[in-house]
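Q: The hints should help you fit chain U with the ligands onto chain B, whose structure is shown.
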Amino acid sequence: MTAKMNETHEDNGAPHLDPTTPRYLTPEIARIHLGSRNALHVTVLNDRIYGGVYAAYIFPVRQPRKFVSLRYKNAKGEEIEVGIIWNLEEWPQTDRALVEEALHRHYFVHTITHIHHIGWKYGFIAFDVQTDKGPAQFLMRWQHDRAHDYGRGGKVLLDVDENRYLIPDLGTLSDKEREEFLRYVYW
Amino acid sequence: MVTTERSRVLQKDLPHSLQDELAKVHIQPNKVWLCTDTDLNLSGNYEQVWLAVSDDALAVLAEPKQAGQPAVRHFISRDEIQEVRVRQGVGGGFLETIVDDIVVVVLAFSNVKADIFHKVAGKLEQWMHKQAIEVDASDDADPRHCPKCGLTLQFKGDVCRRCVNRGAVLLRVLKLMRPYADKAAIMMVLVLIGAGISLIPQQLVRLLINKVLAPEQASNPPLDLATAKHWLMGLVGALLLTHIIGSLNNLGVLRLNSYVGTQITYDMRKRVFDRLMQLSIDYFDRYNVGQLISRVQGDTEQMKGFVQQLTTGFFQQIIMVLAVGTILFIMSWQLALVTLLPAPLVVAGSIWFWKRVYPRYYKVWDSNSKLAGVLNTILSGMRVVKAFAQESREINRFDRSNSYVRNSFRTVEYTVAKFNPTIGFIFQLGGLLVWFIGGIWVLQGRQITAAGGKAPLNLGDLISFLGYLWMFYQPLTQLTQLTNWLTGFLTATHRTFEILDTPIQIAESDKPISVPDMKGHITFENVTFGYDRHQPILKNISFEIKPGERIGVVGKSGSGKTTIINLLSRFYDIDHGRIAIDGVDIREMSKTDLRGQIGVVLQEPFLFRGTIYDNLTYGLADTTPEDVIAATKAANAHDFIMRQPLGYDTYIGERGAGLSGGERQRISIARAILYNPKILILDEATSSVDTESEKLIQDALLRITKGRTTIAIAHRLSTLKNSDRIFVVNRGEIIESGTHDELMTLQGTYHKLVKIQTELSGNVDSLQANVK
Ligand SMILES: Nc1ncnc2c1ncn2[C@@H]1O[C@H](COP(=O)(O)OP(=O)(O)O)[C@@H](O)[C@H]1O
Ligand SMILES: [Mg+2]
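If you're matching them up, the sequences are chains B and U in order.
Note that this note's numbering has the first sequence beginning at 1459, numbered continuously upward.
Note that this note's numbering has the second sequence beginning at 167, numbered continuously upward.
Pulled out of the complex, with its shape left as it was, chain B reads as follows (with noise of 0.2 angstroms):
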């Protein structure tokens, strides 16, 4: 069966995916695997196969490694969602990687590990910080809804190009460079 031959299904309705109730995936009723064009597809006994899936988290900070929401966007540009993977630790060890990667693709954010030096530049926030994606230093505004909480005790911050960067836990910094971030960001 043909990619094509199974989105002309799409038309008709396909049966099984009713908007209105969540659709669990497990390994007993889906694949997870690269199609043409190294495409995400996703394929699902007694419907159909899915082409150009990505992977979103439904609870990014409360449950990352359960309910992944897998969606692909259709030709008329609604967002549909395949169907969603309760638990990924009981995937298979392939279908599980490429559902990490089309993750990591989907959410592009500097976690900081370090934190050199803070300071006040032009009314904006500077930091010269580590990050698991190298050094960096960004400006981001000095106001609330630039830095928001992210589970207990961690922020994500935004910059003034609006890229992210996260502390998933002010605990596992150190003292001073705690202190230092609190300073600026006290809230």
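It should be emphasised that the hints constitute simulated quantities derived from the structure, not laboratory data.
Be careful, since some hints might not be right.
Covered stretches of chain U (chain B as the covering partner; in silico rule of three or more C-beta atoms under 8 angstroms from a C-beta of chain B) [unchecked claim]:
#1 205-214
#2 251-257
#3 268-275
Keep in mind that this is a model prediction, so the values were computed, not measured.
Idealized CB from N, CA, C, for every residue including glycine.
A: Frame of chain B, contents of chain U with the ligands only:
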């Protein structure tokens, strides 16, 4: 416009090594019309990846990292592509194409590049449809970056904070004081006089001791009792006089200080508010209202603090430290040096202390505003709290905030409580040192160098010296807070100036065209608009509405219907295209003429605290009660108003509390009728009204819309029965337009909507009959 210059952003030079790779997939590098790079690869990691597009195909390529890795990562020929689009991820986005009905992610980009790839997607869409495309330097124009330094701005026309000269803040504050320059000068002089006066008493004390009380130790001739009594009375009188003069002087300073301080705060607040009134809705979408309130109230208050610092604050303290220090050295430089011994301790201790305490002050501010926020949310949502019986939960929530405030205050106050006694102790040490060393010198009759040459140190000198000592240390500790205060002040003032410096986006044009008598001929030409940086909400919309035409607009919620009318009223300015009324671009039209002749009835009508009558006549100078009653009758509002105990003079609460949704809408409709606009806009104006009153209102509207251009956005299609033409909006595009009959025969979206609604209401015939 003839620009042949290449675009710096969209026509970059591909690295040579990659040019060869490109040739291998039969794209000639010199045929490439679009070439740009992104910062991410498809695994979501940083890598420079290139996109090159020729007439026939696009290729995505990057330097291979390992041997054997192909340089070309995607090659898609134009004829295969069914669609090009951008999908927003989190922190970045993706350029996607649909090929063989499958979504292919072409490349990924971080948000830094988002604007560029939205533009690229637009070009590729034209390319895919084989339309003529122009790429040149005009594509580099970028209203969302500072033209001077390239910093990303928060919205179009925002001030670049990097380029606002910050050093100038103090200068601007001083300029603000210019109207009060004379008063300020008097104030300064009074402060100087006050400092001088405060130095006198210690000299009188010295005289009292050395001349009257203990003359022998100062080698002065002893006085007989009567003369001594005279001297005593004279000196005490002089002391009294200096205190009286000092107090009067102080009174003058404080009064002037308060006058100038409150006046400047008033001026500043007025300026900020005036500016806020002129800023566009867009600004209020971006900034939260709480923040703006704190700017208007709190930050402007800082101006008063500045004036205070100039008088009773740092200015005075600096003068005191200098004056007293000089006196100390004149009296005895040896003893003065001794007193300076603890000074470094005081300064260092204070600086260390403020460094610790200041961050904790932030927490106090934060906790206070959070408490206010929680209180506001809970109290304004009381109905929900009660409905879900969540009182105890909210009590807990409030309790948490309340303890946060208590704890943050405690930390600050505990620290302050530790500091003050410590500093006091150091002072005492300084005093003891002077007592001890000075005491020995007095006993020894040691010669010291004073202003008048060499003389032995005596008791009077010592006592007055100690008096000056306190006057020296006190301002010294205060001065250590200068930098902290200055930082806080500059921040606050900066935030205030920022509002004043925000350009008025929806500005009146330089030469506004007056259209006092609008006909109501509306044209939209290729209008594109988005609230957000990256997402166009309306895409290339064009339509024409003739004067007096009644237009119905339907579409799913979120499709952009309200956005269209927001643009027509010019609450936002469009990104591309042109909106004209009677042939005049609305950006060139006088704003008063524009808004004064467009009447809008919103889904969520704006009502304020006041009487129903006030609400009805808001913004209307000469309305008679007869007009008002005629309007409310027409809007079917008269009867429910009459059921209120005080009729039209009944007070209604914030946002119309006390009225039902339908009643609020009917007041709003009556207001629009009174307004008598040339163009009437009804945005789901009858959505909360029951079917029966809706029918009455419809009839009323039919009467008042006669001869007026009317745009009615409707939820219930039955309300469109009087429309001359109907627009169907979907995802920011008008996908169908025509009369009801035309759209029904088209068998498209409108037909589907009508079918659904008639099925829902189960009354096909009545609707059909209504619509025709
Ligand atoms: N002030 C705003 N800021 C950002 N996005 C907005 C704003 N107002 C509306 N939108 C978005 O624009 C889209 C169209 O909204 P709107 O025109 O109100 O739709 P409709 O009136 O058709 O229901 C929606 O996706 C909505 O989320
Ligand atoms: Mg709306």
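Q: The structure should be examined with respect to each hint, and the outcome stated for every one.
A: Hints, one by one, checked against the model:
Remark: the segment 205-214 of chain U is confirmed as covered by chain B, as 6 of its residues place a Cβ nearer than 8 angstroms to a Cβ of that chain, reaching the required three. Check on the segment 251-257 of chain U: 5 of its residues sit with their Cβ under 8 angstroms from a Cβ of chain B, so the three-residue criterion for coverage holds. Under the rule that three or more residues need a Cβ within less than 8 angstroms of chain B, the assignment of the segment 268-275 of chain U holds, with 5 such residues.
Hint check: no violations occur; every hint is consistent with the structure.
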